[in-house]
Amino acid sequence: MTTALPHARHFIDGGWQDSTSTGTSTGPATGEALGTFADGGRAEAQAAVEAAQVAFERASWSRDRHARSTALLRLADRLEARRDDLVSLLAKENGKTLGEAAFEVDMCAPKLRYAAALALVDSGRSAEVRPGYFSSTLPEPIGVAGVIVPWNSPVVLAVRSFAPALAAGCTVAMKMPGRTALVNGVLAEVVAETPELPPGVLNLFTESGDDGARELVSSPGTAAISYTGSTAVGRVIMAEGARTLKRLSLELGGKTPMIVFDDADLDAAVPVLTAAITTFAGQFCMTGSRILAHEAIAGELRERLVQALSAVRLGPGDDPDSRMGPMIDRESVDRVDRIVQEAARTATVLVRGGPIEDGPLAGGAYYRPSLLEPRSPDDDIVRREVFGPVATFEVFRTEDEAVRLANGTEFGLAASVWTTNVDRPLRLARELKAGTVWTNAWAVVHDEFEEGGFGQSGIGRLNGPRSLEAFQEIKHLVRVAPAVAQYIG
Numbered sequence: 217m218t219t220a221l222p223h224a225r226h227f228i229d230g231g232w233q234d235s236t237s238t239g240t241s242t243g244p245a246t247g248e249a250l251g252t253f254a255d256g257g258r259a260e261a262q263a264a265v266e267a268a269q270v271a272f273e274r275a276s277w278s279r280d281r282h283a284r285s286t287a288l289l290r291l292a293d294r295l296e297a298r299r300d301d302l303v304s305l306l307a308k309e310n311g312k313t314l315g316e317a318a319f320e321v322d323m324c325a326p327k328l329r330y331a332a333a334l335a336l337v338d339s340g341r342s343a344e345v346r347p348g349y350f351s352s353t354l355p356e357p358i359g360v361a362g363v364i365v366p367w368n369s370p371v372v373l374a375v376r377s378f379a380p381a382l383a384a385g386c387t388v389a390m391k392m393p394g395r396t397a398l399v400n401g402v403l404a405e406v407v408a409e410t411p412e413l414p415p416g417v418l419n420l421f422t423e424s425g426d427d428g429a430r431e432l433v434s435s436p437g438t439a440a441i442s443y444t445g446s447t448a449v450g451r452v453i454m455a456e457g458a459r460t461l462k463r464l465s466l467e468l469g470g471k472t473p474m475i476v477f478d479d480a481d482l483d484a485a486v487p488v489l490t491a492a493i494t495t496f497a498g499q500f501c502m503t504g505s506r507i508l509a510h511e512a513i514a515g516e517l518r519e520r521l522v523q524a525l526s527a528v529r530l531g532p533g534d535d536p537d538s539r540m541g542p543m544i545d546r547e548s549v550d551r552v553d554r555i556v557q558e559a560a561r562t563a564t565v566l567v568r569g570g571p572i573e574d575g576p577l578a579g580g581a582y583y584r585p586s587l588l589e590p591r592s593p594d595d596d597i598v599r600r601e602v603f604g605p606v607a608t609f610e611v612f613r614t615e616d617e618a619v620r621l622a623n624g625t626e627f628g629l630a631a632s633v634w635t636t637n638v639d640r641p642l643r644l645a646r647e648l649k650a651g652t653v654w655t656n657a658w659a660v661v662h663d664e665f666e667e668g669g670f671g672q673s674g675i676g677r678l679n680g681p682r683s684l685e686a687f688q689e690i691k692h693l694v695r696v697a698p699a700v701a702q703y704i705g
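First residue of the sequence shown? That's 217 in the numbering used here, and the numbers climb one at a time after it.
Everything labelled a hint here was simulated from the structure, so no lab data went into it.
Don't be surprised by glycine CBs; every beta carbon is placed ideally from N, CA and C.
There's no promise every hint is true.
[Claimed, not checked] Pair ranges (Cβ atoms, derived):
no.	residue 1	residue 2	range
1	P436	D479	30 to 40 Å
2	E456	A249	29 to 39 Å
3	V337	E689	42 to 52 Å
4	P436	E573	18 to 28 Å
5	D478	P414	52 to 62 Å
6	R299	E664	36 to 46 Å
7	P487	T562	21 to 31 Å
8	W232	R551	46 to 56 Å
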């Protein structure tokens, strides 16, 4: 007996919707079909925005912070109840290892609960500016927020954007990526299973193209856009959003430098540097794609990284023994390999990874890690976000040179400093043009503190109290005491 493949639908205005177009979800480990999905576009985006507008105009949602907090808490509970389903599907449909998938999903409920707390405590300021003159500020939700979610970490990046929007009192029209349609379907079920969310407050549609995303950006019905993805697309969104003066939250590309000094603990550093290159198969905005090594330890670090990267075990995401899963599709494998081949014309190839062409993994979108030592810090491989398990290795002599190299790209999302000198991290952090600077660590984020990019890595901040700012207007209230009013009248 043949088991029917699952079919994922949109969740708009509190109900399930199909589309005239149907897509097929395939697993990157094998290329086999996993299920089908309603493939949306402009019509679904319009329906989501209209539903969100109606829901926003119901004053109870935008003005009742307790209701918003309760809804976010219940959503966290429901998401935790579906945790295993989401982890399993992420491994199959996205290619993450089981550990990586669990890491992603387990970040979501705490983010929702933090947003629930923000909904209760966020407030304005109040002061008697001078005798008899009182001013206060009142944060108000801006309206409908359009959220555009990437495929590389669809669950947590969706939550990271819509949670502060809901906490602020906005309603949401959210475009989910077609490459993780079945995962999106489970997330939509989580929303549907949360009755505390009124119909139209959180609308999700899946799209393999970009017509729906373009509609969210251009629509006069959306007041804000939260997008995570490439810098190139972020620029397009910013230009189009300017037509309607949209509020923007953009977390864009990265080229994270991992700066290793001569006093660093290499036993601690090498495993983390290896993970920084290979986690999510390098399909991560914070991938540690630039290794900067002090000349005194460069030889040893180079040798140890070559050994570590060469030993990474590739395999299907749902295989517990896999240490790196496949990329999202064969097109991504081919794209990354072209970049590496071009770079190898001038760079020294320390580890030549590449596609797996034979054996049991040949049918999947696998790409072995690569490490190259470029001829110049101006080489394309140093400056371009590859978005794959590829890193460069550069050598520096002084702190100043390390900072100059680290700041040598247009990106500024994150940086990592490895040293046992207690004074150096803060000294460097002030010089590095990066939104997050780790000391002897990588990819550590906290819901309570903001993250975002410098330069071409984005605009605005996610996480922390300031995550609400992209979704709020600030109203200034002024009251003049009666005695003063009589005097000035």
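Here is what the structure says about each hint:
1. P436 to D479: 30 to 40 Å: With Cβ atoms ~56 Å apart, the hint is violated.
2. E456 to A249: 29 to 39 Å: Given a distance of about 35 Å, which is inside 29 to 39 Å, the answer is holds.
3. V337 to E689: 42 to 52 Å: Given a distance of about 19 Å, which is not inside 42 to 52 Å, the answer is violated.
4. P436 to E573: 18 to 28 Å: Distance hint for P436, E573 is violated at roughly 50 Å.
5. D478 to P414: 52 to 62 Å: About 59 Å separates the Cβ atoms of D478 and P414, which means 52 to 62 Å holds.
6. R299 to E664: 36 to 46 Å: Roughly 22 Å apart at Cβ, these two residues miss the hinted range, so it is violated.
7. P487 to T562: 21 to 31 Å: Cβ of P487 to Cβ of T562: about 30 Å, so the range 21 to 31 Å holds.
8. W232 to R551: 46 to 56 Å: 35 Å, violated
Going through the hint list in order, the structure does not satisfy hints 1, 3, 4, 6, 8.
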